[in-house]
Every structure is written in C-alpha cells, then in structure tokens.
Amino acid sequence: MSNPQQLRYSKEHEWLSTAEDGVSTVGITEHAANALGDVVYVQLPEAGSTITAGETCGELESTKSVSDLYAPVDGEIVEINEDVVSDPSLVNSAPFEGGWLFKVKISGEPGELLSADEYAAFIQS
Amino acid sequence: MSDAPRRTALDATHRALGATMTDFAGWDMPLRYSSERDEHVAVRTRAGLFDLSHMGEITVTGPRAADLLDYALVGNIGGVKTGRARYTMICEAEGGILDDLIVYRLADEEYMVVANASNAQVVLDALTDRAAGFDAVVRDDRDAYALIAVQGPESPGILKSVTDADLDGLKYYAGLPGTVAGVDALIARTGYTGEDGFELFVRPADAVTLWEALTEAGKDAGLVPCGLSCRDTLRLEAGMPLYGHELTTATTPFDAGLGRVVKFEKTTNDGDFVGRAALTAAAERAETNPPRKLVGLVAEGRRVPRAGYPVTAADGTVIGEVTSGAPSPTLGKPIAIAYVDAAYATPGTEGVRVDIRGSHEPYEVVALPFYKRQK
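So the protein lines, in turn, are chains A and B. Each residue of the first sequence is one higher than the one before, starting from 1 at the first, in the UniProt record's numbering. Each residue of the second sequence is one higher than the one before, starting from 1 at the first, in the UniProt record's numbering.
In short, the hints are calculated from the structure, not lab data. Check the hints yourself; a few may be wrong.
Here are some, though not all, of the chain B residues that point toward chain A, as calculated from beta-carbon distances under 7 Å [said to hold, decoys possible]:
| # | residue |
| --- | --- |
| 1 | Arg37 |
| 2 | Thr248 |
| 3 | Glu300 |
| 4 | Arg302 |
| 5 | Arg303 |
| 6 | Ala326 |
| 7 | Pro327 |
| 8 | Leu331 |
Have a look at the derived ranges for each label pair, beta carbon to beta carbon [claimed, not checked]:
| # | chain 1 | residue 1 | chain 2 | residue 2 | range |
| --- | --- | --- | --- | --- | --- |
| 9 | A | Glu46 | B | Thr209 | 35 to 45 Å |
| 10 | B | Val298 | A | Val23 | 32 to 42 Å |
| 11 | A | Pro4 | B | Pro290 | 36 to 46 Å |
| 12 | A | Gln124 | B | Gly316 | 46 to 56 Å |
| 13 | B | Gly244 | A | Val85 | 25 to 35 Å |
| 14 | A | Thr52 | B | Asp315 | 28 to 38 Å |
| 15 | A | Ser89 | B | Val298 | 12 to 22 Å |
Note that CB positions come from ideal geometry on N, CA and C, so glycine has one too.
Okay, chain A solo, but in the shape it has when bound (with noise of 0.2 Å):
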C-alpha cells in the first residue's frame, strides 16, 4: 500500500490533506482501514462542532471491534461525509479519496504530524 506524499498523517492513523483557506480535509489511512477489517458503521462529530487534537471525536464500527476516531488538529467542522455515512464501506475500498470523513477549519498550530514517508517508518516499527 502507499500512503498519498502530499498528505499529512497522525500517529493515530488519521490523514490531513493540505489546508486550503484553512480548510484540511481529513480521511483515516488505508493501514488504518485494513487493520479494521470491514467499516460498517461510521459516527462524525457534526458540522459546526468544534474538536480539538488527540481527543475522540466519532466512532468507526468495523465487524469485529469498534474503535475511537481521533482528531488529529483543533479546529471546527465546516462538512461531513454524508457519502461515508450512508455507505461505510467507502473508508475501505477508497479511504484516501470517497472515503474521507470531514473537513474541518484548523485553528491554531497542528500538532505532530507526519509526512507520508515517516507515517510509513511508523506504521513498519
């Protein structure tokens, strides 16, 4: 597998595209999605509200466990994926393209994130 190069990642296993007017759009890695097996359920912090880096903000429900998403920056939800809701399975067959969550306008500094190449070292250690 190979995780996008101009995409920023998470040591949770989140990826961040580049903020465009402060708006990142942010999915979880195709590791990320492997290691869950099939996605079956997905809860997104709603628009409007605001998250904030390292704390929980939804739920992804896979067939055997249930696992906590992370928000991998502060900032406010501006649009979820109404498409990953209805249809989960999406974080697995295109996790870096139609299966992206949310979009949220970074406020502050982010935190510590990774390029591709040092999420790939990551992820192998």
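Based on these hints, arrange chain B on the given structure of chain A.
Relative to the frame of chain A, chain B by itself:
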C-alpha cells in the same frame, strides 16, 4: 502455556494468500483473506474454504468406548450409528458446560470427539479422568489431523469433482472414510455456517494437497478461502452457539435453551452420566421457573451490539446481556444473540433496547436462527 503460537500445516499457504492472521486459542489462524463480508457472502451463495486445523480431535476406542462416552457426555452416544455424527456437550458434575462437541462414530468401537480449540485440553483431561474403570482408550489426536471445511451451496459439486465417495448417500451429520484428491480423508457432512458443506479430516502432511485441489476444483464455482471472522458471522446468523459466548461453565444446557441435547435415557450405563443429578434439577427449574432465554435481536439502527452489552427494557431496567453481536451481511443489519428475562423473550416483544456505550438503541426480539437455508 507455550509462548509461540502454533501454526497449522497450511500456514505458508495462508501467508501466500495474503491472509490477515490472528491468535486464536494459542493458534495463529487466518482471520480473513480479503473482505470478511465478501467471504461471508461467498459461503451463503457459492462456497468457501476454511482451515479449521486448530480444532481438537480425540479418538476413543475399545469395547466400552460407547459406555465411556455415554457416561462422560450428556448425549446418547451409544445410540449413534456407525457413520453418523452427533452434536453434544460435556458438562461438569455441577451441570456447567465444559464444551460443546461433535462426536463421529467411525466404527462400532471407535469414535472421534471434536472439541473447540480453546477447550481441547480440558475435554481431553475430562475424558481421560472419566475413562477410569471403562475398557476404552482415550487418545489425543490433535496432531494427527488437519481439518479443512468446504461450505456453501456449491460445495457438493466441488467436492464431487475430486472424490469418488458417494456424497449423495452422505446425509447431514454423517461421516465416512474416503479419498479426496488422492488423499485419505474422513469426509463429514457437518459444518458451522448454516449451509450445506463438508469437513475433511486429513493427515497434516496431506493438507496442502487437499487445499490446492479444492481451490482448483472450486475456481469456476466461485469458491474463496475464508477466515475465522466470517465463520463467526455465519454461525451467528445460523443461531449456532459459541463456547465462551453463549455457552460457559456458568451455564447448563437447559439455561442455554439446548436442553434437548441432554439425554436422560441412554443406550448404556442405565442412563448414568456425569452431571445427571444437577442437570435433572436444571431441567425441572427450566420447566417451573424459566431462566433467561437465548433470543435473537435485530437492530433498527446501524450500531453494532457486542458481547457483554446490557439489554434493557424501555425504562432502562437491565433485562439481559448480549452474548454475540455483529453486522449481519445477509440481513443487512446488526444482529445479536442475547440472554433475556423470559418476560421479554417472546418474538415481537416491544421496547427492548441494547445499551451501546451509553446510547440505548431499539432492537426487535426475534426467534433464532436469523437465517435458514432453503433446502
């Protein structure tokens, strides 16, 4: 306990297929090869191939093998005809379930007992203890067999193409020796998926040959390798209990709604068996004061109930507990098996909820199983 997980004879095959492996009862087993949902659907609609070599085989032989098993287990094993199999349980003297088992009668004086991987040692020890005074030999055959299952509507056709055994003459819950893909096998029409299918007990040295032959034979029929993850959702839809979830030492067969497996009339030993007194009392209790009942729950929403989650009434009173839960690929909704108070066990009972991490989600009470194949 030993340190390194045990590996089956098919370990390299699983890795070559890209399986996600998981530790299961001390064995390194395939969890899934691709998508567990696709594997589940393949078994329901076409066919799936499983490595179940972690299951524990115990052979019981001798002139009084039947008497020993009638004494040690709750079923009427002496009444099983050669070539047939029986679902049964082994209980403690106090009535709690030590394991659920399948017993195959291979010959007049030869049986194979198949225990769950996690309980194989417990069952072996109990059978060995209980054999005292019987002219019978209990043999640990866990290392003597690999077990490969082919399950699903296409499985008879697939197996027919690689065996000359009379599969049409092989009934459900029967097993006979034969040759499959040139290797000696005990061919059993059993399984744990709710589908027609076969379980093939072979020498570990023959496992790869058999697996590859079945893979080739099933290619056009859509057979895929399947892991333990889809096996769990398949058995859950079929309403089959799983040891450690629906069945435990704290549960008698009557508490689990499986009192029918306990036979107080047996072919041998005048019906005496380990647990008889306790189970007689449990049967009476179940008659007069029904314990919590095992029911099916179907979600109205999409959140998945998990083992251990409380079942509640509309006012929040806890009325039971989920023992197994998963999203059902066949129903397209989350389902669960749960023990609930008898007053809430009737299908259609209103107001039953599952506490899913603090959110009380509505559930419909249904009769088990959730899924029954068309015959």
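Exercise for the section: Could you check the hint for me, namely that A:Thr52 and B:Asp315 are 28 to 38 Å apart, CB to CB? Expected result: holds, 35 Å
Problem - Closest C-beta approach of B:Glu300 to chain A relative to 7 Å, hint status - result: It is violated, given that the least Cβ distance between B:Glu300 and chain A is near 13 Å, above 7 Å.
Problem - CB-CB spacing for A:Val23 and B:Val298 relative to the 32 to 42 Å hint - result: With a Cβ separation near 40 Å, B:Val298 and A:Val23 satisfy 32 to 42 Å, so the hint holds.
Problem - Range hint compliance [Cβ, A:Pro4 to B:Pro290, 36 to 46 Å] - result: Cβ of A:Pro4 to Cβ of B:Pro290: about 58 Å, so the range 36 to 46 Å is violated.
Practice task
Against chain A, run the beta carbon of B:Arg303 and see if the smallest gap drops under 7 Å.
Solution key: Given a least distance of 6 Å, the restraint on B:Arg303 holds.
Practice task
Please verify that hint: B:Thr248, Cβ, nearest Cβ of chain A, below 7 Å or not.
Solution key: With Cβ-Cβ at 21 Å, over 7 Å, it is violated.
Problem - Satisfaction of the hinted span 46 to 56 Å by the C-beta atoms belonging to A:Gln124 and B:Gly316 - result: For B:Gly316 against A:Gln124, whose Cβ atoms are near 47 Å apart, the range 46 to 56 Å holds.
Exercise for the section: Kindly confirm whether 35 to 45 Å is satisfied by the beta carbon distance between A:Glu46 and B:Thr209. Expected result: About 57 Å separates the Cβ atoms of A:Glu46 and B:Thr209, which means 35 to 45 Å is violated.
Problem - Residue hint B:Ala326, partner chain A, criterion CB-CB below 7 Å - result: holds, 6 Å
Exercise for the section: Classify the hint on B:Pro327 as holds or violated, based on whether any CB of chain A lies nearer than 7 Å to its CB. Expected result: At about 4 Å, which falls below the 7 Å cut-off, the nearest Cβ of chain A leaves the hint on B:Pro327 intact, so it holds.
Practice task
Grab the minimum C-beta distance from B:Leu331 to chain A and call the hint holds if it beats 7 Å, violated otherwise.
Solution key: violated, 12 Å
Practice task
For B:Gly244 and A:Val85, compare the CB-CB distance with the range 25 to 35 Å and indicate the outcome.
Solution key: holds, 34 Å
The structure is inconsistent with the numbered hints 2, 3, 8, 9, 11, although it conforms to all the rest.
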